[in-house]
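Protein chains in written order, with the working numbering: chain A, 113 to 269; chain B, 113 to 269.
Watch out, some of these pointers could steer you wrong.
The list cannot tell twin chains apart, which means a pair is met if one copy fits it or any two copies do.
[Stated by the list, open to error] Quick list of in silico lysine-lysine cross-link-like pairs, DSS-like style, CA-CA up to 25 Å:
1. K190 <-> K233
2. K188 <-> K238
3. K137 <-> K190
4. K154 <-> K231
5. K228 <-> K140
6. K137 <-> K231
7. K154 <-> K188
8. K238 <-> K190
9. K138 <-> K231
10. K233 <-> K188
11. K174 <-> K138
12. K210 <-> K174
13. K137 <-> K188
14. K137 <-> K122
15. K188 <-> K140
I should point out that these hints are in silico values taken from the structure, not numbers from a laboratory.
Protein chains: 2
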Amino acid sequence: MQIEIWSVGKENDTFINEGVLHYFKKTKPYINISLELIQLPKKAATTDVQRTKQLEEEAILKRLQPHHYLILLDEKGKLHTSPQWAEQFQQLMNMGTKTVVLLIGGAFGVSENIMKQAKQKWSLSKLVFPHQLVRLLLAEQVYRAFSILHNSPYHHS
Amino acid sequence: MQIEIWSVGKENDTFINEGVLHYFKKTKPYINISLELIQLPKKAATTDVQRTKQLEEEAILKRLQPHHYLILLDEKGKLHTSPQWAEQFQQLMNMGTKTVVLLIGGAFGVSENIMKQAKQKWSLSKLVFPHQLVRLLLAEQVYRAFSILHNSPYHHS
């Protein structure tokens, strides 16, 4: 199995980028993980929320393949604990999942259509965090989940 | 009012430090905020959990002053939303609170005694995050709370 974090929006600030790479490096012995930014062309920039969400939907659907298992990060999604994240990934591996896509939507969330495509919705917190910070939290949490699955001492609760 | 984040443990990795400073800078127009590390002397390092918690307790109590309003960050604490964080800070200001201390415990949590000293317990998430990342999340969330109180467009939900 491999994991791709898809995130709508602009490039990471340096500190976020360093942090994400920090955790990716630690995760690599366990599983392949990458971050892919979904960016709209600059000329598509618009203040029309519905139009923006539609353009983002198109960009996401264009990437989505049948071997992708789409999990949407959503404030209203399921609030798992860290050991539950580990269990979820274990189940996905048991199902023979090829690629798990963890999707972080844009500033206005994702379209209804993408909502429907998502197999699951997970929430990191009831708090709202900026998208860049969500990328970093996800990178750390995936590392934590796999270190739980590998009985590494990283997670002790 | 001013806010102090107290965190038991070692110096920040560079990316965490940059991130924390990034949010502190944005928060400064609204409120004074700082991060203070509570570090045990190296020779006090021990693998004895109870002893470590006791040493940490002593270090925390030595700092704690009557004008400090202590809020403990704890997994089992209250899961507020971001607007609720804003409300909480507003209430503390209304009460004439001088200094809010947001305490992040050590790897093994804090002692019973510190638990009792805490006026409130807040949780960032049901997920476990490393202490350094909690410092960064806190810095961002305090900024978000005050930008909500100041009607800045940073938070839109």
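Against the structure, the hints come out as follows:
1. K190 <-> K233: both (6 Å within a copy, 22 Å between copies)
2. K188 <-> K238: Answer is both; intra-copy 8 Å and inter-copy 14 Å each pass.
3. K137 <-> K190: Neither way: K137 and K190 sit 27 Å apart in one copy and 33 Å across, limit 25 Å.
4. K154 <-> K231: neither (30 Å within a copy, 49 Å between copies)
5. K228 <-> K140: For K228 and K140, neither the intra-copy (31 Å) nor the inter-copy (42 Å) Cα distance is at most 25 Å.
6. K137 <-> K231: neither (28 Å within a copy, 39 Å between copies)
7. K154 <-> K188: neither (30 Å within a copy, 44 Å between copies)
8. K238 <-> K190: For K238 and K190, both the intra-copy (10 Å) and inter-copy (11 Å) Cα distances are at most 25 Å.
9. K138 <-> K231: This pair counts as neither: shortest intra-copy Cα distance 27 Å, inter-copy 37 Å.
10. K233 <-> K188: both (8 Å within a copy, 23 Å between copies)
11. K174 <-> K138: neither (30 Å within a copy, 37 Å between copies)
12. K210 <-> K174: within (18 Å within a copy, 54 Å between copies)
13. K137 <-> K188: The answer is neither: 30 Å in one copy and 30 Å across copies each exceed 25 Å.
14. K137 <-> K122: both (22 Å within a copy, 21 Å between copies)
15. K188 <-> K140: neither (30 Å within a copy, 31 Å between copies)
Of the numbered hints listed earlier, those contradicted by the structure are 3, 4, 5, 6, 7, 9, 11, 13, 15.
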